[in-house]
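Here are the chains, one letter per residue:
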Amino acid sequence: MHARTWTFLAVGLLGLTAAAKAKPIAFMGGDVLPISGRPISPGTVIVIGGTIATIGPAASTPVPADAERIDCSGKVIMPGLVDTHSHVGGGWGGDASGPMQPDVRILDSINVRDTGFRKARAGGLTTLNIMPGSGHLLSGQTIYAKLRKASTIDDFFIRDAAGKPVGGIKMANGTNSQKEPPFPGTRSKAAAIVRQKFLKARDYRRKVTEAKGDAAKLPDRDLEMEALLDVLDGRVIVHHHCHRADDILTVLRLRDEFGFKVVLHHVSEAWKVADQLAKAAAPCSVIVVDSPGGKIEAMDLSLATGGVLEKAGVPCAIHTDDPVTDSRLFLRTAGLAVRAGMSRDKALEALTLAGARMLDLDGRIGSLDVGKDADLIILSGDPLSVRTKVLQTWIEGEKVFDREDPDDRLFAVGGFGAGRDQKAHACCTDERFAETK
Amino acid sequence: MQLRHAVVVAAMMAAFFGMRQQASAAEAARPGLVAVYGDTVYTMTGPPIEKGVVLIEAGKITLAGSALDIPVPPEARVLRGKVVTPGLVDAHTTVGLTGYLNQDQDQDQLDKTEPIQPELRAIDSYNPRERLIEWVRGFGVTTIHTGHAPGALVSGQTMIAKTVGESVDDATINPQAMVAVTLGDDARPGDDKKSPGTRSKAVAMLRGELVKTQDYLRKLELADPEKRPDRDLRREVFADVLRGKLPLLVTVNRATDIDAALRIAAEFGIRIVLDSASEAYLVADRIKAAGVPVIVHPSMRRGGAGETENISFETAAILRAKGIPVALQSGFEGYVPKTRVALFEAAIAAANGLTTEEALATITCDAATILGVADRVGSLRPGLDGDVAIFDGDPFEYATHCTGVVIEGRVVSEEPR
Chain R
1 MHARTWTFLA
11 VGLLGLTAAA
21 KAKPIAFMGG
31 DVLPISGRPI
41 SPGTVIVIGG
51 TIATIGPAAS
61 TPVPADAERI
71 DCSGKVIMPG
81 LVDTHSHVGG
91 GWGGDASGPM
101 QPDVRILDSI
111 NVRDTGFRKA
121 RAGGLTTLNI
131 MPGSGHLLSG
141 QTIYAKLRKA
151 STIDDFFIRD
161 AAGKPVGGIK
171 MANGTNSQKE
181 PPFPGTRSKA
191 AAIVRQKFLK
201 ARDYRRKVTE
211 AKGDAAKLPD
221 RDLEMEALLD
231 VLDGRVIVHH
241 HCHRADDILT
251 VLRLRDEFGF
261 KVVLHHVSEA
271 WKVADQLAKA
281 AAPCSVIVVD
291 SPGGKIEAMD
301 LSLATGGVLE
311 KAGVPCAIHT
321 DDPVTDSRLF
331 LRTAGLAVRA
341 GMSRDKALEA
351 LTLAGARMLD
361 LDGRIGSLDV
371 GKDADLIILS
381 GDPLSVRTKV
391 LQTWIEGEKV
401 FDREDPDDRL
411 FAVGGFGAGR
421 DQKAHACCTD
431 ERFAETK
Chain V
1 MQLRHAVVVA
11 AMMAAFFGMR
21 QQASAAEAAR
31 PGLVAVYGDT
41 VYTMTGPPIE
51 KGVVLIEAGK
61 ITLAGSALDI
71 PVPPEARVLR
81 GKVVTPGLVD
91 AHTTVGLTGY
101 LNQDQDQDQL
111 DKTEPIQPEL
121 RAIDSYNPRE
131 RLIEWVRGFG
141 VTTIHTGHAP
151 GALVSGQTMI
161 AKTVGESVDD
171 ATINPQAMVA
181 VTLGDDARPG
191 DDKKSPGTRS
201 KAVAMLRGEL
211 VKTQDYLRKL
221 ELADPEKRPD
231 RDLRREVFAD
241 VLRGKLPLLV
251 TVNRATDIDA
261 ALRIAAEFGI
271 RIVLDSASEA
281 YLVADRIKAA
291 GVPVIVHPSM
301 RRGGAGETEN
311 ISFETAAILR
321 AKGIPVALQS
331 GFEGYVPKTR
341 VALFEAAIAA
351 ANGLTTEEAL
361 ATITCDAATI
371 LGVADRVGSL
381 RPGLDGDVAI
391 FDGDPFEYAT
401 HCTGVVIEGR
411 VVSEEPR
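Chains as they are written, first to last, in the working numbering: chain R, 1 to 437; chain V, 1 to 417.
Simulated from the structure, these hints should not be mistaken for lab results.
All the given hints hold, so there is nothing to weed out.
Example chain V residues on the side facing chain R (calculated, C-beta under 7 angstroms, incomplete):
| hint | residue |
| --- | --- |
| 1 | Glu309 |
| 2 | Asn310 |
| 3 | Ile311 |
| 4 | Phe313 |
| 5 | Tyr335 |
| 6 | Ala347 |
| 7 | Tyr398 |
Backbone N, C-alpha and C fix where the C-beta goes; we use that ideal spot for every residue, glycine too.
Generate coordinates for the entire structure from the input sequences, incorporating the hints supplied.
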């Protein structure tokens, strides 16, 4: 096909999409679980331009005449799931050169065609914190990704007011990051390395402050220090892998010394120090897996952690740590937390709003509220039932997964081809169309 | 004198506490009379019974049926639940050889010094006190087929055990169940340099061993005892495979490797059971024609890259619909979680194409049949072991608890899990 025809087609499709986005979409008649408030049954959610315009009881919520109507009766509508800890996309963070690499960005290595993203959408996930691993004290910068249909990582970005993609910093302590020098050999050495690095960042900040904008006095640019400044100034949250109770408390000790914001991840032994965590107001993102062990630090891992933290008053999210837990089974992890004592409401919040808060994104995502991004999922029934299916996943008013589409269904259940990385997604078309290019 | 006195006292105390321990163990093990009531009782021998009861005496089931028809003696210990099933049978795991710490000292599922070691017996490594055994038991699992793991061409033997017992002898119901074979990528070299580097090489090595064993068997029959071969542990195990006494448990994922396994089975006329088999749906007709059962991969096993990339939540349902005998398993896990739970794997199968009863069959009667122990476990009928799992709701729902586990008439777990 001639290039000119393609340009014409692309422009035409772009225009169509913009129009489609502006046209209201009414999700009608489902049991609506806003998470931020009481269930509305049956309820109507109206989306305009990618955000939630109206939400209310079906009987009293007028639907614009030109709205696309989606019948959700007998189904459940809830916010798209927020995963605070994912490794989908094959991204690599720091290499073997050193234990702390704050200049390294995961966004520079993510393959948006990775089938893991298709599976994540099939699991109802709409926002991921994609992180480098736990083999470093600090393995790099994470990225908060919206799972829009994407051809480059830019399509996943959530941007701040200055247009910069938002993300966090990944840190870890315990055994994963212990190895041959220059990595630490002990827990104390690990903490010492971290403290030294943050002290250096404080010095850097002092020089920047003292320069008062005078270019001649400013220190040379230092990508590592710049990243740590964002942490010291509270603009970027530390996402900290930790399992053992003492490692959890070590993170809080460092937090209090340097004043950074931190979310504790995995927290296998958090149930042992729940009161300290509550007192420290330390948000925890919990991993829920089918047995304890697999590594020494997880020997006392408990399915009851979520429930224990809830009772102690500790903010609690749940994450997949995909590939440790398959993103398609994210709802299941909340089900298991309920099995072991967490309340249903808090377990559902742990998959959505609690996670959004831990990413500082609760102003945009995590609940169904007017003005928030229209990220929502349609379920066949009770979100915490094994037999419930994610039927559709929507991000900012666009459908990104539909179980009735055989191509999407393949990734929802698996089968031949479900493990193969996918062809490019061309804007405004489907994959099959892109392949013919 | 004083010292000797102290020694005597210590010995007496030891004897006293030892006796007490023995006494309490004997008491707990004393086969009493147990009645388990369920709003729904899945006997797996027919349709579920509403308001049913299972009576166990001397460790064996004596009656299972409607509570209206079965008089329960007043001296019976009574347990109740919404749903009662046979004690669950995990058709393939490695717990007991793999420990939960995942450290060198508790990992005995795989020796990579040699690619072919059928002489390695599972019973010589099995640790009945392993915490993972107690863990799966809490979720209703009473029988496990465990042993050497996938990861070597022939990694060793498997065994079948109850999830109780102080020693391997107490626990074991079949000390030598199958011989674990792996075809495909996982059979490639690790620390050793002797493992096969390609699929064809793996099959050639396996055929070579079986041919050698045919020769061994022939020489055993020689008239002149002097010419008969010396005892050879490796040959003896393969001989039992050729005689049809021991099946090969062939762990495969790609359709190519499934075909290769079926080809070997046909060539030597041996029994095999396919394990994992994540692409089995591509060659289901050939599996069916060969009459080979499949112990399907854990439903939730990770796909991702590699040989399991085409794995499906629906494998068990597709194969069962073809009429292939299928069981489910918890499988081998190398990291976190260190074991899966058969109940949970069947739950996902129940949500992906199997009915509740069909999914239950994959971890009860059908698993027992494939493992050759259906005359002892896997269903609730008179004469079978008194192994029962009790639930406070649909056993497959996430938030349901397993509230009781009975093994051979002993209540081994009552903590809701």
